[in-house]
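Undergrad: Listed below, chain by chain, are the residues.
Protein chains: 2
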Amino acid sequence: MNKATFYHAGCPVCLGAEHMLAEAIDPKYQIESVHLGENTDRILEAEKAGVKSVPALVLNDQAFHINFGASIEDLKH
Amino acid sequence: MNKATFYHAGCPVCLGAEHMLAEAIDPKYQIESVHLGENTDRILEAEKAGVKSVPALVLNDQAFHINFGASIEDLKH
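Protein chains in written order, with my numbering: chain A, 1 to 77; chain B, 101 to 177.
In isolation and in its complexed conformation, chain A is listed as follows:
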């Protein structure tokens, strides 16, 4: 199963990107949505995958940044 992880912080830009993904990603992907503001324990995992800002989509370990909502640095505090 292909895995798609969507990292966000609940921002309006994030929600727009999430809506797009839910609509446009191939159903062969299993999508998990992670709110990094509420799940700060997963920030390290996101950074390891190359996530520098949210919203971001990690597809099979490759990170893609979609538009710009917030820097991942700002989510650590």
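Keep in mind that the hints were calculated from the coordinates and are not lab data. It is possible that some hints are incorrect.
Which stretches of chain B does chain A cover? Using the computed rule of at least three CB atoms under 8 Å from a CB of chain A, they are [to be verified]:
| id | region |
| --- | --- |
| 1 | 116 to 125 |
| 2 | 155 to 168 |
Some chain A residues judged to face chain B by a derived CB distance under 7 Å, without partners named [claimed, not checked]:
| id | residue |
| --- | --- |
| 3 | Met20 |
| 4 | Ala24 |
| 5 | Ile25 |
| 6 | Asp26 |
| 7 | Leu59 |
| 8 | Phe64 |
| 9 | His65 |
| 10 | Ile66 |
| 11 | Asn67 |
Okay, derived cross-link-like pairs now, EDC-like style, lysine to aspartate or glutamate, Cα gap no bigger than 16 Å in a straight line [as the list claims (entries may be wrong)]:
| id | chain 1 | residue 1 | chain 2 | residue 2 |
| --- | --- | --- | --- | --- |
| 12 | B | Lys128 | A | Asp26 |
| 13 | B | Lys103 | A | Asp26 |
| 14 | B | Lys103 | A | Glu23 |
| 15 | B | Lys176 | B | Asp141 |
| 16 | B | Lys128 | A | Glu23 |
| 17 | A | Lys3 | B | Glu123 |
| 18 | A | Lys3 | B | Asp126 |
| 19 | A | Lys28 | B | Asp126 |
| 20 | A | Lys48 | A | Asp61 |
Where is the CB? At the ideal position from N, CA and C, for every residue including glycine.
Based on these hints, arrange chain B on the given structure of chain A.
TA: Chain B in isolation, oriented as in the chain A frame:
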């Protein structure tokens, strides 16, 4: 038929995003790939859809910027 237009400029960042799209976008979308550096006559159309930089994906008239390759302003010259 849903329409997805991918605007790019041949940059490495663009190619990575295009590969992701070809792999991950739902097959219900018809994907058109437009090289704005070679097709400057389509820059206006991209701007009208809200494209500010490439690579960008326009899904049914909504623009999403994926990572950052080049500003659309730089493609006009």
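Undergrad: Now, for every hint given, state plainly whether the structure supports it.
TA: Now for the hints, and whether the structure bears them out:
1. 116 to 125: holds (count 6)
2. 155 to 168: holds (count 7)
3. Met20: 6 Å, holds
4. Ala24: 6 Å, holds
5. Ile25: This hint holds: isoleucine 25 of chain A lies near chain B, its Cβ roughly 6 Å from the closest one there, short of 7 Å.
6. Asp26: 5 Å, holds
7. Leu59: Interface hint status for leucine 59 of chain A: holds (6 Å vs cutoff 7 Å).
8. Phe64: 6 Å, holds
9. His65: With a closest approach of 5 Å, the histidine 65 of chain A hint holds.
10. Ile66: At 6 Å from the nearest chain B Cβ, isoleucine 66 of chain A passes the 7 Å test, so the hint holds.
11. Asn67: Holds, about 5 Å.
12. B:Lys128 with A:Asp26: This hinted pair holds, its Cα atoms lying about 9 Å apart.
13. B:Lys103 with A:Asp26: 14 Å, holds
14. B:Lys103 with A:Glu23: 12 Å, holds
15. B:Lys176 with B:Asp141: Between lysine 176 of chain B and aspartate 141 of chain B the Cα gap is close to 9 Å, so the pair holds against 16 Å.
16. B:Lys128 with A:Glu23: OK: lysine 128 of chain B and glutamate 23 of chain A at ~10 Å, within 16 Å.
17. A:Lys3 with B:Glu123: Roughly 12 Å separates the two Cα atoms, so the pair holds.
18. A:Lys3 with B:Asp126: The hint holds at about 14 Å.
19. A:Lys28 with B:Asp126: Answer holds: lysine 28 of chain A to aspartate 126 of chain B is near 9 Å, not above 16 Å.
20. A:Lys48 with A:Asp61: 9 Å, holds
The structure is consistent with each of the numbered hints, conforming to all of them.
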